[in-house]
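In my numbering, the protein residues as written are 4 to 83.
I should point out that these hints are in silico values taken from the structure, not numbers from a laboratory. The beta-carbon is built from N, C-alpha and C at its ideal position, and this holds for glycine as well. Honestly, I wouldn't trust all of these hints.
[Unchecked claim] With beta-carbon atoms standing in for the labels, derived distance ranges:
(1) 73 <-> 51: 15 to 21 Å
(2) 24 <-> 76: 32 to 38 Å
(3) 5 <-> 75: 35 to 41 Å
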Amino acid sequence: DRDLVVVTNSVPIAARLATMPSVSLQVLGGRVRGVTQAAVGEQALRVLDTLRVDIAFIGTNALSVRHGLSTPDTEEAAVK
4 DRDLVVVTNS
14 VPIAARLATM
24 PSVSLQVLGG
34 RVRGVTQAAV
44 GEQALRVLDT
54 LRVDIAFIGT
64 NALSVRHGLS
74 TPDTEEAAVK
């Protein structure tokens, strides 16, 4: 077994992982969007700017060969 460090801006994901003993959980701060239940804004961006990760899992609303990943909310896009 390996310990896993998870950094997330998602409130539902944080709630799900919080009880897992092999997970070291870090939740980003900031304003939480009601629709996606995700932390966004300058506070979240400042923390992300200090991190260096080995593997990232990033959710998106759309994927296009021409435009790449996209989401309709600019604050959420900045965090992603």
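Hint check:
1. 73 <-> 51: 15 to 21 Å: Since residue 73 and residue 51 have Cβ atoms about 19 Å apart, the given range 15 to 21 Å holds.
2. 24 <-> 76: 32 to 38 Å: This hint holds: roughly 34 Å between Cβ atoms.
3. 5 <-> 75: 35 to 41 Å: Distance hint for residue 5, residue 75 holds at roughly 36 Å.
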